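A.B. asks: Let chain A serve as the given structure and place chain B on it in line with the hints.
Protein chains in written order, with the working numbering: chain A, 471 to 626; chain B, 471 to 626.
Source of the hints: derived by calculation from the structure; they are not laboratory data. Take these hints with a grain of salt, some might be off.
What the hints assert, rightly or not - Chain B residues, not near chain A, derived (Cβ > 10 Å throughout):
no., residue
1, His500
2, Gly523
3, Gly532
4, Gly534
5, Glu546
6, Gln564
7, Thr588
8, Glu623
As the list claims (entries may be wrong) - To give an idea of the chain B side of the interface with chain A (calculated C-beta under 7 Å), a few residues:
no., residue
9, Leu545
10, Glu550
11, Val554
12, Trp563
13, Pro565
14, Ala571
15, Leu592
To be verified - In silico contact screen, one side only, chain A against chain B (beta carbon under 8 Å); selected entries:
no., residue
16, Pro507
17, Pro509
18, Val558
19, Gln564
20, Ala566
Bear in mind that the values here come from a model prediction, so they are computed numbers and not experimental data. Quick reminder that beta carbons are idealized off the backbone N, C-alpha and C, glycines included.
There are 2 protein chains.
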Amino acid sequence: MRAEDSELTIARLIKAPPSLVWKAWSTAEHLAKWWIPAPIECQVVKLDLRPGGGFETRMREGAGEFQPHVEACFLEVVPEARLVFTTVLTEGWQPAEPWLALTAIMTLQAEGSGTRYTARVLHKNAADAQKHEEMGFHDGWGTTIAQLAALVEARQ
Amino acid sequence: MRAEDSELTIARLIKAPPSLVWKAWSTAEHLAKWWIPAPIECQVVKLDLRPGGGFETRMREGAGEFQPHVEACFLEVVPEARLVFTTVLTEGWQPAEPWLALTAIMTLQAEGSGTRYTARVLHKNAADAQKHEEMGFHDGWGTTIAQLAALVEARQ
Numbered sequence: 471m472r473a474e475d476s477e478l479t480i481a482r483l484i485k486a487p488p489s490l491v492w493k494a495w496s497t498a499e500h501l502a503k504w505w506i507p508a509p510i511e512c513q514v515v516k517l518d519l520r521p522g523g524g525f526e527t528r529m530r531e532g533a534g535e536f537q538p539h540v541e542a543c544f545l546e547v548v549p550e551a552r553l554v555f556t557t558v559l560t561e562g563w564q565p566a567e568p569w570l571a572l573t574a575i576m577t578l579q580a581e582g583s584g585t586r587y588t589a590r591v592l593h594k595n596a597a598d599a600q601k602h603e604e605m606g607f608h609d610g611w612g613t614t615i616a617q618l619a620a621l622v623e624a625r626q
Numbered sequence: 471m472r473a474e475d476s477e478l479t480i481a482r483l484i485k486a487p488p489s490l491v492w493k494a495w496s497t498a499e500h501l502a503k504w505w506i507p508a509p510i511e512c513q514v515v516k517l518d519l520r521p522g523g524g525f526e527t528r529m530r531e532g533a534g535e536f537q538p539h540v541e542a543c544f545l546e547v548v549p550e551a552r553l554v555f556t557t558v559l560t561e562g563w564q565p566a567e568p569w570l571a572l573t574a575i576m577t578l579q580a581e582g583s584g585t586r587y588t589a590r591v592l593h594k595n596a597a598d599a600q601k602h603e604e605m606g607f608h609d610g611w612g613t614t615i616a617q618l619a620a621l622v623e624a625r626q
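Only chain A is shown next, with the shape it has when bound in the complex (with noise of 0.2 Å):
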């Protein structure tokens, strides 16, 4: 398997610097504006950002119950600079039966007076990945790094 045929990515250069995108990421009611694409609502549950810290968002869609989203464990976290997290543990490093077995790996790189914002996604297998990618991860990925963008920027 090459490893190219298992990962998904994504990047934007964003009009606000590294500081203002992690403060976006490492606060949950910022979070919270912009991890689901709208009009879904995004409630963060755990924000525990150190290595074997556990990472938990739920999302809801009209007036419903709150539903499962994201359950995972962050691996790296290098403030204004690196954030790591896997599906395949939750909090504690405890093993997990993820829907969708995944390593996200966001990194922040000052680039002008802006940052350049890349998730790359590594999969299990280049099989994954394309149901991953057929589920619409470039529209929902891309949809939410906008969210994140429209954040950051209003508030320079």
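C.D. replies: Quick look at chain B alone, frame taken from chain A:
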């Protein structure tokens, strides 16, 4: 699920200090001497002791070819104190498809002039833990830890 139902634990008091036990874990030629029950041979392919680093060992019975044994990723590395790896990821946080999903948490605690060595093994669920126990977890890990003890106690 109660956490304890999906965990298996084994512990032993080793009559050597944590520094020696750590050396037997962190040096490939030493690790190869105890990590698999004799007379099965162990080959240490990767021992990249840092978060995200690869851990790979192979085994050989008799005169055949070396076969896969463990392919995993280190999660935490605290010299002389704590070592954590998981088989649900490989080098570089790559999600994997292990034949047995587990996270192993080894702790080394000074006790008198020796080391209390504890291996706590987390599984996805109680069924996996039971399967691992029936495959001979306590015999297998017990034998390797006895080999570890014999190795480091002889070096005293």
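A.B. asks: Given proline 509 of chain A as an interface hint, is its Cβ closer than 8 Å to any Cβ of chain B?
C.D. replies: The hint is violated - proline 509 of chain A has no Cβ within 8 Å of chain B, the shortest such distance being about 31 Å.
A.B. asks: In terms of Cβ atoms, is chain A entirely out of 10 Å range of glutamate 546 of chain B?
C.D. replies: For glutamate 546 of chain B, whose nearest Cβ neighbour in chain A is about 7 Å away, the distance does not exceed 10 Å, so it is violated.
A.B. asks: Are all beta-carbon distances from threonine 588 of chain B to chain A longer than 10 Å?
C.D. replies: Nearest chain A Cβ is 15 Å from threonine 588 of chain B, so the label holds.
A.B. asks: Going by Cβ atoms only, is valine 554 of chain B closer than 7 Å to chain A?
C.D. replies: OK, holds: valine 554 of chain B within 7 Å of chain A, min 6 Å.
A.B. asks: Does the nearest C-beta of chain A fall within a distance shorter than 7 Å of the C-beta of tryptophan 563 of chain B?
C.D. replies: The hint holds - tryptophan 563 of chain B has a Cβ within 7 Å of chain A, the shortest such distance being about 5 Å.
A.B. asks: Are all beta-carbon distances from glutamate 623 of chain B to chain A longer than 10 Å?
C.D. replies: Consistent with the label, glutamate 623 of chain B stays out of reach of chain A, its closest Cβ about 30 Å off (over 10 Å).
A.B. asks: Just want to verify: glycine 534 of chain B was marked as not at the interface with chain A; is every Cβ pair farther apart than 10 Å?
C.D. replies: Per Cβ check, glycine 534 of chain B is outside 10 Å of chain A; nearest 26 Å; holds.
A.B. asks: So glutamine 564 of chain B supposedly isn't at the interface. Is its beta-carbon more than 10 Å from every beta-carbon in chain A?
C.D. replies: 6 Å, violated
A.B. asks: Please check whether the beta-carbon of glycine 523 of chain B is more than 10 Å away from every beta-carbon in chain A.
C.D. replies: Non-interface label on glycine 523 of chain B holds, nearest chain A Cβ at 12 Å vs cutoff 10 Å.
A.B. asks: Does valine 558 of chain A meet its interface restraint, that is, does its C-beta lie within less than 8 Å of any C-beta in chain B?
C.D. replies: Check passed: Cβ of valine 558 of chain A comes within 4 Å of chain B, closer than 8 Å.
A.B. asks: Grab the minimum C-beta distance from glutamine 564 of chain A to chain B and call the hint holds if it beats 8 Å, violated otherwise.
C.D. replies: 6 Å, holds
A.B. asks: Per the CB criterion, is leucine 592 of chain B less than 7 Å away from chain A?
C.D. replies: 6 Å, holds
In this structure, the earlier hints numbered 5, 6, 10, 16 and 17 are contradicted, and the remaining ones agree with it.
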